[in-house]
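> Sequence:
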Amino acid sequence: MIFTKLQRAEDRYREIEQAMTLPEVASDAKEYARLIKEYKSLEPIIEKYREYKSACDTMSGAEEIMRDGSLEPELRELAEEEYHEYRDLCDKITEELKILLMPRDPNDSRNVTVEIRQGAGGEEAALFGADLYRMYTMYSDSRRFKVEVVSRNETELGGIKEITFN
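Read in the numbering used here, the sequence shown has 6 at position 6, and its numbers run on one by one without any break.
No wet-lab data here; the hints were simulated from the structure. We put the CB at the ideal spot given by N, CA and C, even for glycine. Fair warning: there could be bad hints in the mix.
Using C-beta positions, here's what the derived DEER-type ranges look like [to be verified]:
(1) 105 / 8: 36 to 44 angstroms
(2) 128 / 37: 39 to 47 angstroms
(3) 151 / 7: 49 to 57 angstroms
(4) 36 / 105: 19 to 27 angstroms
(5) 120 / 8: 28 to 36 angstroms
(6) 81 / 113: 33 to 41 angstroms
(7) 139 / 103: 17 to 25 angstroms
(8) 115 / 81: 20 to 28 angstroms
Pairs of lysine-lysine residues, derived as DSS-like cross-links and limited to a Cα-Cα distance of at most 27 angstroms, are as follows [claimed, not checked]:
(9) 92 / 48
(10) 30 / 40
(11) 98 / 161
(12) 30 / 53
(13) 48 / 5
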């Protein structure tokens with residue numbers, strides 16, 4: 001099923017390549033922009049799919065060499081090593097392709113605003129709010145997200161009564 005989707009995506013990629021060369025498409029700015037956007041969204045999938053096909057072809061060639069009984073044992077051993085290496089690579093690329101084929105959420109490219117407020121519990125709640133803020137900023141740093149504090153209201157002991165950040 002995954003390879004049917006990949007083949008359809010590759011066919012669509014080729015169609016878009018051909019359509020972008022047509023003068024009537026090039027003269028229609030909206031249509032051309034739409035095709036470019038679709039082309040760019042398919043590009044990483046198609047590159048990975050082509051890498052997969054190349055790795056699998058190499059793996060098949062190594063498998064044929066392994067089965068050839070007339071070859072020297074050293075050559076067969078090299079082919080076996082290559083076969084295992086490319087089999088692992090094919091498995092790895094298959095997993096990457098599954099991730100690339102997941103549908104995109106339209107909100108993926110949007111920003112988020114987080115607001116943390118001290119609840120009932122006094123100073124302990126404010127300290128917990130500070131811990132939450134640190135947790136969110138550390139997570140954001142690990143994902144290379146930018147964090148910008150919009151407003152901040154701290155307590156004397158380093159807790160946070162209220163903080164809003166993007």
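> Does the structure break any of the earlier hints, and which numbers would those be?
1, 5, 6, 8, 11 and 12
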